[in-house]
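**Student:** Okay, here's what each chain looks like letter by letter:
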Amino acid sequence: MEVTQERFVVRTTQESYDEPLQDLVFGAFSLLRHTPINKMGINRSMHFLIDSEEKWNSAGYKLAPKEPWEGILKRSGLISLTIEESVKKDGEIVRSDGRKGYTRVRVEPSMRIHPGLFMETNDHFETKDSISTVGCDEIINILRESWEASYRRSEEIMYSLLERLVK
Amino acid sequence: MNNTMLKLANDKVEEAQRDLSRPSRETIVADLARQFKGAMPKERISAYLPLTDVSSLVSSENILLGTVAFREQGKEPVPAVKQATIQQNQFVSLQKWQGVVIELKKDTFLAKLNDLSEKGPEEEAEFPLEEVSDDDKELVVPGGVFYWNIGYQISYQGQQTRASIIRFRYLPVWRKEELDAAKSRAQKIQDDINWK
Chain A
1 MEVTQERFVV RTTQESYDEP LQDLVFGAFS LLRHTPINKM GINRSMHFLI DSEEKWNSAG
61 YKLAPKEPWE GILKRSGLIS LTIEESVKKD GEIVRSDGRK GYTRVRVEPS MRIHPGLFME
121 TNDHFETKDS ISTVGCDEII NILRESWEAS YRRSEEIMYS LLERLVK
Chain B
1 MNNTMLKLAN DKVEEAQRDL SRPSRETIVA DLARQFKGAM PKERISAYLP LTDVSSLVSS
61 ENILLGTVAF REQGKEPVPA VKQATIQQNQ FVSLQKWQGV VIELKKDTFL AKLNDLSEKG
121 PEEEAEFPLE EVSDDDKELV VPGGVFYWNI GYQISYQGQQ TRASIIRFRY LPVWRKEELD
181 AAKSRAQKIQ DDINWK
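Those protein sequence lines, which keep their order, are chains A and B. Quick note on our numbering: the first sequence kicks off at 1 and runs consecutively. Quick note on our numbering: the second sequence kicks off at 1 and runs consecutively.
One chain only, chain A, in its complex shape:
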């Protein structure tokens, strides 16, 4: 847990703690209802071990083809790629579920396992009017309504992408 004046972050590496983590946030902000919160991110990350170096390189080429870089860089390789899902509606960035915010997916070579891929999903939510947000009821309700869908979708995104990259 990390708490500063601007941020409250809780994270776990143990999947059995995923739901209790949600309870911790609910519990903390049920008691601290007057804390103004206008943004929230539900992030999930995984490291995947790839069968072979060849498949690992192939995954990198699929994400970032080499052709545009030929003749410009001598030896190029993918370090990090981030893709965002959002639409602009009435001048605001809106998610696929209609809420204010976006979904981002980041893919990198894994620093923990080799050959491996690291993937992270960032489900970002914002309150309807961040300037006039009072307290945290709106964000906590969003968390309550969105947690399960976000949890399932993050797995779908990562496993589907992995399947396409190493096929």
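Careful, some of the hints might be misleading.
To be verified - With the C-beta cut set under 7 Å, the calculated list includes, among others, these residues of chain B facing chain A:
1) 90
2) 92
3) 95
4) 149
5) 152
6) 156
7) 165
8) 169
9) 171
10) 172
11) 176
As the list claims (entries may be wrong) - Negatives, chain A to chain B, calculated, CB over 10 Å:
12) 8
13) 24
14) 97
If you are wondering where the hints come from, they were derived from the structure by calculation, not from laboratory data. Quick caveat: nothing in here was measured; it's all calculated off a predicted structure. A virtual CB, placed ideally from N, CA and C, is assigned to each residue, including glycine.
Starting from the structure of chain A, add chain B where the hints point.
**Tutor:** Only chain B this time, still in chain A's reference frame:
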């Protein structure tokens, strides 16, 4: 902070650590060697002492050892920071359920289960109380909510062990004393307002 100041800070920290009650590894070795002088060589004693501390906390962090004050006037204390790598265990869930306690028996409890991994019908199961941690036992009451995970515990050394983990939900509830105190304060504020 330049290198000279950093070295000075670290030297001061090491000196401070020697004054702390917890002995350094070198002190332990020296003490043991004195005790067993002639009976056990120093290298043999060192082999029995752990080289690293193992913990299942976060993977790495900067550990603030404290601040180091300088004697020169006008110089602010500087933080002495050591980077430590701490090994971590992991748990990978194969299946997870949310359960609600229906009945508490002598050594077991009955619960309704809702599959969190895949949508399916509600199920009932009986669990031995010994599978609940001591900290959670008081939460095993009818209506108590828990999470049941089965999967693999992976130690930092890579050892995989099948595991079943039950964790009860902790949500804060307002205690009667707190509610009564809040009512008293609200009443006092109301009484202090002179309604006209």
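**Student:** For the hint on residue 172 of chain B, does the least C-beta distance to chain A fall short of 7 Å?
**Tutor:** holds, 5 Å
**Student:** Is the interface hint for residue 156 of chain B satisfied, with its Cβ closer than 7 Å to some Cβ of chain A?
**Tutor:** Cβ of residue 156 of chain B sits 11 Å from chain A, so the hint is violated.
**Student:** Using Cβ atoms only, decide whether residue 176 of chain B comes closer than 7 Å to chain A, and label the hint accordingly.
**Tutor:** Hint violated; residue 176 of chain B Cβ to chain A Cβ min 16 Å, cut 7 Å.
**Student:** Verify the interface restraint on residue 152 of chain B: the C-beta must sit less than 7 Å from at least one C-beta of chain A.
**Tutor:** violated, 10 Å
**Student:** Report holds if the minimum CB distance from residue 24 of chain A to chain B is greater than 10 Å, and violated otherwise.
**Tutor:** Nearest chain B Cβ is 8 Å from residue 24 of chain A, so the label is violated.
**Student:** Against chain A, run the beta carbon of residue 149 of chain B and see if the smallest gap drops under 7 Å.
**Tutor:** holds, 4 Å
**Student:** Please verify that hint: residue 90 of chain B, Cβ, nearest Cβ of chain A, below 7 Å or not.
**Tutor:** With a closest approach of 5 Å, the residue 90 of chain B hint holds.
**Student:** Does residue 92 of chain B hold up as a contact with chain A if the rule is Cβ-Cβ below 7 Å?
**Tutor:** The hint holds - residue 92 of chain B has a Cβ within 7 Å of chain A, the shortest such distance being about 6 Å.
**Student:** Should the interface hint for residue 95 of chain B be scored as holding, given a Cβ-Cβ cut-off of 7 Å against chain A?
**Tutor:** violated, 11 Å
**Student:** Report holds if the minimum CB distance from residue 97 of chain A to chain B is greater than 10 Å, and violated otherwise.
**Tutor:** Its Cβ never comes within 10 Å of chain B, the nearest being 19 Å, so this holds.
**Student:** Does residue 8 of chain A really sit off the interface, with its C-beta more than 10 Å from all C-beta atoms of chain B?
**Tutor:** holds, 16 Å
**Student:** Does the CB of residue 165 of chain B sit less than 7 Å away from some CB of chain A?
**Tutor:** holds, 5 Å
Violation of the numbered hints given earlier is confined to hints 3, 5, 6, 11, 13; the remaining hints are satisfied by the structure.
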